[in-house]
Amino acid sequence: MGVNADIDHNIVTDARTEGLLFRGFEKMLEGRNPFDAVYFTQRICGICSTAHSIASSMALEEALGIAVSQQGRYLRDIIHGCEFLQNHIRHFYQFTVPDFIRLPEGSALFETDHHDFRLPKQKNDRIARHYFDSLQYSRSAHEMLAILGGKAPHNHGIFPGGVTAPATPEKIAGMRSLLLNIRRFVCDQMIPDAYTIADYYKEYFEIGQGYGNFLTFGCFNGYEKLGTLYVDPLESGSGRITKLDPGKITENVDSSWYTAKSETDTPYQAVLEPDRKKSGAYSWVKAPRYRGLPYEVGPLARMWLCGQYRHGISSMDRTLARVLEARKIADILLVLLENVIPGVCIQKEYEVPQSARGD
Amino acid sequence: MNRSNDSCPNLSMRLETASVLVHKAVGAVKRNRIPRRNLIWLELTGCSGNTISLLDGFHPDFKSVAAQMVNILYSNSLMAAEGEAAMERLFGAIGGDYILAAEGAVSTKDNGLYNIIGRWKGRPVTAYEAIQKFGEQAACVVAVGTCASDGGISAARPNPAECVGIQSLLDREVIKLPGCPCHPDWFLGTLAYFLLFGEPELDERQRPLMFYSTLIHDLCPRRPYFDRGIFSSKLGEKGCMFKLGCRGPVTRADCPIRKWNGRVNWPIGDGSPCIGCAMFGFPDAMEPFISYDTT
Numbered sequence: 224m225g226v227n228a229d230i231d232h233n234i235v236t237d238a239r240t241e242g243l244l245f246r247g248f249e250k251m252l253e254g255r256n257p258f259d260a261v262y263f264t265q266r267i268c269g270i271c272s273t274a275h276s277i278a279s280s281m282a283l284e285e286a287l288g289i290a291v292s293q294q295g296r297y298l299r300d301i302i303h304g305c306e307f308l309q310n311h312i313r314h315f316y317q318f319t320v321p322d323f324i325r326l327p328e329g330s331a332l333f334e335t336d337h338h339d340f341r342l343p344k345q346k347n348d349r350i351a352r353h354y355f356d357s358l359q360y361s362r363s364a365h366e367m368l369a370i371l372g373g374k375a376p377h378n379h380g381i382f383p384g385g386v387t388a389p390a391t392p393e394k395i396a397g398m399r400s401l402l403l404n405i406r407r408f409v410c411d412q413m414i415p416d417a418y419t420i421a422d423y424y425k426e427y428f429e430i431g432q433g434y435g436n437f438l439t440f441g442c443f444n445g446y447e448k449l450g451t452l453y454v455d456p457l458e459s460g461s462g463r464i465t466k467l468d469p470g471k472i473t474e475n476v477d478s479s480w481y482t483a484k485s486e487t488d489t490p491y492q493a494v495l496e497p498d499r500k501k502s503g504a505y506s507w508v509k510a511p512r513y514r515g516l517p518y519e520v521g522p523l524a525r526m527w528l529c530g531q532y533r534h535g536i537s538s539m540d541r542t543l544a545r546v547l548e549a550r551k552i553a554d555i556l557l558v559l560l561e562n563v564i565p566g567v568c569i570q571k572e573y574e575v576p577q578s579a580r581g582d
Numbered sequence: 014m015n016r017s018n019d020s021c022p023n024l025s026m027r028l029e030t031a032s033v034l035v036h037k038a039v040g041a042v043k044r045n046r047i048p049r050r051n052l053i054w055l056e057l058t059g060c061s062g063n064t065i066s067l068l069d070g071f072h073p074d075f076k077s078v079a080a081q082m083v084n085i086l087y088s089n090s091l092m093a094a095e096g097e098a099a100m101e102r103l104f105g106a107i108g109g110d111y112i113l114a115a116e117g118a119v120s121t122k123d124n125g126l127y128n129i130i131g132r133w134k135g136r137p138v139t140a141y142e143a144i145q146k147f148g149e150q151a152a153c154v155v156a157v158g159t160c161a162s163d164g165g166i167s168a169a170r171p172n173p174a175e176c177v178g179i180q181s182l183l184d185r186e187v188i189k190l191p192g193c194p195c196h197p198d199w200f201l202g203t204l205a206y207f208l209l210f211g212e213p214e215l216d217e218r219q220r221p222l223m224f225y226s227t228l229i230h231d232l233c234p235r236r237p238y239f240d241r242g243i244f245s246s247k248l249g250e251k252g253c254m255f256k257l258g259c260r261g262p263v264t265r266a267d268c269p270i271r272k273w274n275g276r277v278n279w280p281i282g283d284g285s286p287c288i289g290c291a292m293f294g295f296p297d298a299m300e301p302f303i304s305y306d307t308t
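Quick mapping for you: the protein sequence lines, in order, are chains P and C. Counting from 1 along the first sequence, just add 223 to a position and that's the residue number in my numbering. Counting from 1 along the second sequence, just add 13 to a position and that's the residue number in my numbering.
There's no promise every hint is true.
Ranges between beta-carbon positions, derived for each pair [said to hold, decoys possible]:
1. C:152 to P:566: 36 to 46 Å
2. C:97 to P:574: 26 to 36 Å
3. P:468 to C:304: 30 to 40 Å
4. P:240 to C:26: 42 to 52 Å
5. P:233 to C:152: 39 to 49 Å
6. P:227 to C:108: 26 to 36 Å
7. C:33 to P:339: 35 to 45 Å
8. C:46 to P:569: 49 to 59 Å
9. C:304 to P:569: 17 to 27 Å
10. P:352 to C:231: 19 to 29 Å
11. C:33 to P:336: 55 to 65 Å
12. C:26 to P:396: 24 to 34 Å
13. C:108 to P:355: 30 to 40 Å
Here are the computed lysine-lysine pairs in the DSBU-like style, where the Cα-Cα straight-line distance is at most 35 Å [to be verified]:
14. P:501 to C:146
15. P:466 to P:250
16. P:500 to C:43
17. C:76 to C:43
18. C:122 to P:250
19. P:500 to P:471
20. P:501 to C:76
Far from chain P, some chain C residues (derived; all Cβ distances over 10 Å) [as the list claims (entries may be wrong)]:
21. 32
22. 76
23. 107
24. 123
25. 129
26. 219
27. 227
28. 231
29. 236
30. 280
Derived by calculation from the structure, the hints in this document are not laboratory data. Just so you know, even glycine gets a beta-carbon here, dropped at the ideal spot from N, CA and C.
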């Protein structure tokens, strides 16, 4: 990824974020056994692979008319929650913290050319210690994931119908123990660290506002017995929060290296060919639009749409929302673990029809 | 959650190979018996899953390696420097001693423009250029993961970005550590071995014998079911998953004993078949991963 910014008198007047890697997963999936998508698509990304196995499984369930049991949903969502925890801890400590905290000397990895470090030595060094402490907790989140999902990254447990292996009392107890440790780290170290950094970089609450439109497909939602534990499919354009309508999503490729039949196709209609020489284009990433407008997703969007975070919309708010979402998800996982019944696993011999469609 | 395989002393010893090697290497660096050498980790045309897997290492773990065993000069995901400053550190290594670990395949389409890994002195640096420049001069080149080793998922048919494994772009021999991702033990153990003793013993596909010598099928706890012809017809059942498409019989890796993420589980242990992710034919030759036609 790259960012190109035009700066005039210390103000960013234009910015282009560039995706600079293309592999072509959509093309690769054509002609393959549909079930393979569950494993194949995970390789889109190593830090969030679980999300792709879930999306693929859900699409296949819709296409094949497969119902998921509630127990299957709980187990699958627990695996997903573990991935979130791993992801958020690593995103905050390994990707965000080095921008604000001076890390110890002696390793080339931590050298940087910027000097805007504002925390007093004691606070700085405490968060630097937590950078290293965090490694065992994010690793632990993946250990927890693997207990149910076989391995991480690129898990095996998630599959249409739910999961491939049932929970056992031993697994549940083991996971609960790991989760409580992770949760304690999130609450006692990660969240205070984020707020400490925010105290010394207050102007980051005034920059990076974006368009202010939020969207989510829903997260830990719509359980038969438990209801919605986090957030339903919602969007917040034009100042009101309303139900999400996925049919209003289009993909704009004006500035992307693709030739398309028309400029704004829905994902299902789009037939794109990579075209690195397209004039005016600067990225492999397409520009998704909802009702023709740019929308934001992620921790801030989810926390905002369910009303749990309304402090503001900015660069620093995104970081705070992320660490708060980690705690929220840890709490949700505790609930889901309470409701898991050992020994339940529903897998069938699934048939693939001649044609089907699932989103 | 069986954390050790103490039924057979041979298997137990194999499990300890990586941690023993890393422990020795870290100790040797501490006592100045060997230098703390530079490591460059390049993320090429891939998913960075091998970096995440590295962070998931238990014994050995990433922290001890990064702080004590080697000096990591460059890692796109983990380094604090950004942009031009990061590129300075990468190009500054040329002419010096360094070990190169590369994950991800290499896109060769349009002279590599389908994968730009940075910008330096005003021009784009492609994965294609970087692997050749840094690969030829390195003291040792390790292909981490199946994409770097043999093309992997990045090169899956129809290979839109025209990806290849890194060996096809380098004249010198590369140590291949396939796996999707590569298990942290396989990488850290190989790295430690190289620091202490030089190149480990490799098979004819350039994979270290200490991790890749045995078929999953020959170590699989479900092998008695296979031998007795008791086959599962759907996922989650106890029997052998050969008829569902398990690639254990053709895949060389020690997953059945080493397992994953602190030895808590592995694909077959989770009621789903091996998909052959550590083999050179992955994914095209390993598909379909799941087939319900079990007659």
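Which hints from the list above does the structure break, by number from lowest to highest? 1, 2, 10, 11, 16, 20, 22, 24, 25 and 30
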